[in-house]
Amino acid sequence: MGIRERLSGNEAIAVAMKQINPDVMGAFPITPSTEIPQYFSSYVDNGEVDTEFIAVESEHSAMSTCIGAQAAGCRAISATSSCGLSYMHEMLYVAASDRLPITLAVSCRALSGPININNDHSDAMSVRDAGWLMLFAETNQEAYDNYLQAMRIAEAVNLPIMICQDGFITSHAIENITLVEDDKVKDFVGEYKPEYSLLKGSMAVGPYATPAFYIEAKRQQAQAMIDAKDVIRSVSADFEKMTGRKYDLIEEYEMKDAERAIIIIGSSAGTAKEAIRGLRATGEKVGLIKIRSFRPFPAEEIARALKNVKVFAVMDKADSFNSHCGPIFAEVSAAMCVANINNPKGINIIYGLGGRDVRVESIERVFAQLDEIVKTGDVGESYRYLDVRE
Amino acid sequence: MKDIVEIRWHGRGGQGAKTASLLLADAAFNTGKFVQGFPEYGPERMGAPITAYNRISSERSSVHSNIYYPDYVVVVDETLLSAVDVTAGLKAEGAIVINSAKTPAELRPLLRGYAGKVCTIDAGKISQETLGKNFPNTPMLAAIVKVSGVVAVEEFIKDMDASFHHKFATKPQVIGGNMEALKRSMEEVTVG
Amino acid sequence: MSNLKAKDINETITWKEITLGCSVFEGGSAELVNTGDWRTIKPVIDMEKCKQCMLCVPVCPDMSIPVEEDGRRGEFNLFFCKGCGICAKVCPFDAITMIKDEK
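Protein chains in written order, with this note's numbering: chain A, 1 to 390; chain B, 1 to 192; chain C, 1 to 103.
The set of hints was computed from the structure by calculation and includes no laboratory data. It should be emphasised that the depicted structure is a prediction, and the values quoted were computed from it without experimental measurement. Possibly wrong hints are sitting among the right ones.
[Claimed, not checked] In silico DSBU-like pairs for lysine-lysine, Cα to Cα no more than 35 Å straight-line: (1) B:K183 <-> B:K117; (2) A:K246 <-> C:K5; (3) B:K158 <-> A:K18; (4) A:K241 <-> C:K16; (5) A:K345 <-> A:K246; (6) A:K218 <-> C:K42; (7) C:K103 <-> C:K82; (8) A:K307 <-> A:K345; (9) A:K186 <-> A:K18; (10) C:K42 <-> C:K82; (11) A:K193 <-> C:K5; (12) A:K218 <-> C:K16; (13) A:K345 <-> A:K256; (14) A:K193 <-> A:K241; (15) A:K184 <-> A:K246; (16) A:K18 <-> B:K171; (17) A:K200 <-> C:K16; (18) A:K285 <-> B:K91; (19) B:K167 <-> A:K18; (20) A:K218 <-> C:K7; (21) B:K171 <-> B:K117; (22) A:K218 <-> C:K5; (23) C:K16 <-> A:K193; (24) B:K183 <-> B:K171; (25) A:K186 <-> C:K16; (26) C:K7 <-> A:K193; (27) C:K5 <-> A:K200; (28) A:K184 <-> A:K200; (29) C:K7 <-> A:K200; (30) A:K186 <-> A:K200; (31) A:K184 <-> B:K158; (32) C:K103 <-> A:K229; (33) A:K184 <-> B:K167; (34) C:K5 <-> A:K229; (35) B:K183 <-> A:K186.
Extracted from the complex, chain A is given alone in its bound form (with noise of 0.2 Å):
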């Protein structure tokens, strides 16, 4: 069963991408997703897939060609992180509110500035309101079954989707790896075959809408979002009979008597279960929830993950700077007020930016504050910096 390998996360991606041979690809090179498309042109070249690969001159184009292609009736997709995900901006709202389901590969790296190319996730949290679907992994095996899950789930609510890890941490790094065979790959993700296109009939697409039909149009498309969860879980579940790899829109670690969770996204979820590995070794009730859906979030999983622990704390890699919380603390926080989940106590952990180290160490003091709160009931500052020169 699978193929058993070793590559980089990008290297994975782009070998999903091959095994799928999409219609289009039109793609911008920046680091640290420039490999992706660097490895798919060369499958272009080697004749391994027939997509029509369009070099554009910007990242905005990208999107663009991709937006053209799948109103054509075409599969389309791109990679891109930090910047060229900002580029894209405009036309990530298009392509949703089009409902045009492209995939793109997101290699999240820091935006500027200062200026820095490493990971974390102020580039795709800053469009997360753009109306995709989010997905991110931990690991380079998790990126490449998201990517063979994508376009499943963006085709069946006409979403676009971002498939996100983090750059270098994953995106760079040699690791094991098991692949689905290539025919499974195909009878997996199938044929697209949209219902209308503009190859298709008479047809027009984007058109503008004046205020008596703008509003319908998104509740419509706010619609899309809220089916998605069921979509992802049954399209996870096909997976999972194909290959025994088991995802969901969560992932609890630890948590069935967990005292105090941490709530995170992304690569440092696994070197936060080494730390919650070692303090369950001496006796700490210590969990984790790993959020692999982020759009859409999952509001109800969270808050009943989170209802019966003492205390937790939300990871956020990227900042908000509305001078009191990140991203996911927010969204978590609205998740235990719908849900009227009071008890436990919460804090908001910003780390990691622009490539800070996240080690095994930086996540057992995040549990060492939590014990803290624990023991003096006094929460403190809720909006705290992680390895941080003082």
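On the provided structure of chain A, position chains B and C as indicated by the hints.
Here is chains B and C on its own, set in the frame of chain A:
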């Protein structure tokens, strides 16, 4: 061999320390291990100090941080000994492998009190004599395999032979030299 | 998911029924829009004065001056004519006059 071996590489941009770490990951992968191979990224400048890492284990390691307490350290360029604290966090029961014509006893005073094993290998000389060029990568890779035992020597030799035949399919004349470099390095590495 | 024609979309449509991204599933849907309804003054032509010079035809922004098969201009299409008056301005023979529209 214990469950996980962590190795840190020190080199200079352009010397191939990153490539060597990826080759080691490949060699360990081919013997059934779980591997991680990754450099520390930043502005890439020829000659500037760079660091690369390997985790090699029998179970998948979920840690995604740099390595602070390595079992082994490999120094591809001995001029780094004065510039970088290469033994920082290095476990006393581990070892440091340095590319140098000097003996371990001569280099130990430069290692800020490190008490573990110091190993030297003249990778530059071996490379010149077997490949006619200064490519210290291949001999350094062989030396760390020998010293750490992270991959069994016979398996390593067999695997590298296959990988050179694949890599140098269009210029088979260099395969012999590379294999010679590996074998000589394993014989000549001095443990002190 | 609907692929309603433009004639079936109006301001009573619900969010469940509206087309994806407000896509329009036909060409030339402007033909359905009675822009003539926006008119407050309308052109009338005096055929005695008209020399069939055809200057009015290309300047009409609403394509409301049809050309007949015999090559002569026809009557105004008042379903589209917004009453802008450009035709009256360009007519060298004062054959077109704008008058108050009585609908």
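Outcome of the hint check:
1. Taken as a hint, the K183 of chain B and K117 of chain B pair is honoured in the structure, with Cα atoms around 21 Å apart against an allowance of 35 Å.
2. At roughly 43 Å between alpha-carbon atoms, K246 of chain A and K5 of chain C are farther apart than 35 Å, so this suggested pair is violated.
3. For the suggested pair K158 of chain B and K18 of chain A, the alpha carbons sit about 31 Å apart, so the restraint of at most 35 Å is met.
4. With a CA separation close to 33 Å, the supplied pair K241 of chain A and K16 of chain C stays within the 35 Å bound.
5. The straight-line distance between the Cα atoms of K345 of chain A and K246 of chain A is roughly 30 Å, inside the 35 Å bound, and the hint therefore holds.
6. For the hint pairing K218 of chain A with K42 of chain C, the CA-to-CA distance comes to about 40 Å; that exceeds 35 Å, so the pair is violated.
7. Annotation: proposed proximity of K103 of chain C to K82 of chain C holds, straight-line Cα distance about 13 Å (limit 35 Å).
8. For the hint pairing K307 of chain A with K345 of chain A, the CA-to-CA distance comes to about 11 Å; that is within 35 Å, so the pair holds.
9. Our distance criterion of 35 Å between C-alpha atoms is met by K186 of chain A and K18 of chain A, whose separation comes to about 10 Å.
10. At most 35 Å may separate the alpha-carbon atoms for a hinted pair to count; K42 of chain C and K82 of chain C meet this at roughly 8 Å.
11. Using a Cα cut-off of 35 Å, the hinted pair K193 of chain A and K5 of chain C holds, with the two alpha carbons roughly 21 Å apart.
12. Restraint check: the Cα-Cα separation between K218 of chain A and K16 of chain C comes to about 11 Å, which is no more than 35 Å; the hinted pair holds.
13. For a cut-off of 35 Å, the pair hint linking K345 of chain A to K256 of chain A stands: about 18 Å separates their Cα positions.
14. Under the criterion of a C-alpha separation no larger than 35 Å, the hint pairing K193 of chain A with K241 of chain A is consistent with the structure, at around 24 Å.
15. Of the supplied pair hints, the one linking K184 of chain A and K246 of chain A holds, its CA atoms being roughly 17 Å apart against a limit of 35 Å.
16. A hinted pair counts as satisfied when its Cα atoms are at most 35 Å apart, and K18 of chain A with K171 of chain B qualifies at roughly 29 Å.
17. For a cut-off of 35 Å, the pair hint linking K200 of chain A to K16 of chain C stands: about 23 Å separates their Cα positions.
18. A threshold of 35 Å between alpha carbons decides the hint, and for K285 of chain A with K91 of chain B the separation of about 30 Å falls inside it, so the pair holds.
19. Only pairs whose Cα atoms come within 35 Å are accepted, and K167 of chain B paired with K18 of chain A is accepted, the gap being roughly 22 Å.
20. Pair hint K218 of chain A plus K7 of chain C holds up; C-alpha atoms about 22 Å apart against a cutoff of 35 Å.
21. Between the alpha carbons of K171 of chain B and K117 of chain B the distance comes to roughly 38 Å, so the proposed pair goes past 35 Å and is violated.
22. For the proposed pair K218 of chain A and K5 of chain C, the alpha carbon gap of about 20 Å is at most 35 Å, so the pair holds.
23. Of the pairs offered as hints, the one joining K16 of chain C and K193 of chain A holds, with about 22 Å between alpha carbons and a cut-off of 35 Å not exceeded.
24. Annotation: proposed proximity of K183 of chain B to K171 of chain B holds, straight-line Cα distance about 20 Å (limit 35 Å).
25. Distance hint between K186 of chain A and K16 of chain C is fulfilled; the C-alpha atoms sit about 33 Å from each other, no more than 35 Å.
26. Proximity of K7 of chain C to K193 of chain A is assessed by CA-CA distance (about 27 Å); at most 35 Å being required, the pair is judged to hold.
27. The suggested pairing of K5 of chain C with K200 of chain A holds, with an alpha-carbon distance near 15 Å, which does not exceed 35 Å.
28. With a C-alpha separation of about 29 Å, the suggested pairing of K184 of chain A with K200 of chain A holds against the 35 Å cut-off.
29. Proposed proximity of K7 of chain C and K200 of chain A is supported: the alpha carbons are some 20 Å apart, at most 35 Å.
30. This hinted pair checks out: K186 of chain A and K200 of chain A have alpha carbons roughly 24 Å apart, not beyond 35 Å.
31. In summary, the hint linking K184 of chain A to K158 of chain B is supported, as the alpha carbons are separated by about 33 Å, within the 35 Å threshold.
32. This hinted pair does not check out: K103 of chain C and K229 of chain A have alpha carbons roughly 54 Å apart, beyond 35 Å.
33. The straight-line distance between the Cα atoms of K184 of chain A and K167 of chain B is roughly 29 Å, inside the 35 Å bound, and the hint therefore holds.
34. Between K5 of chain C and K229 of chain A the alpha-carbon distance is near 31 Å, which keeps this suggested pair within the 35 Å criterion.
35. Between K183 of chain B and K186 of chain A the CA atoms are separated by roughly 45 Å; this puts the pair beyond 35 Å, and the hint is violated.
When each numbered hint is compared with the structure, violations occur for hints 2, 6, 21, 32 and 35.
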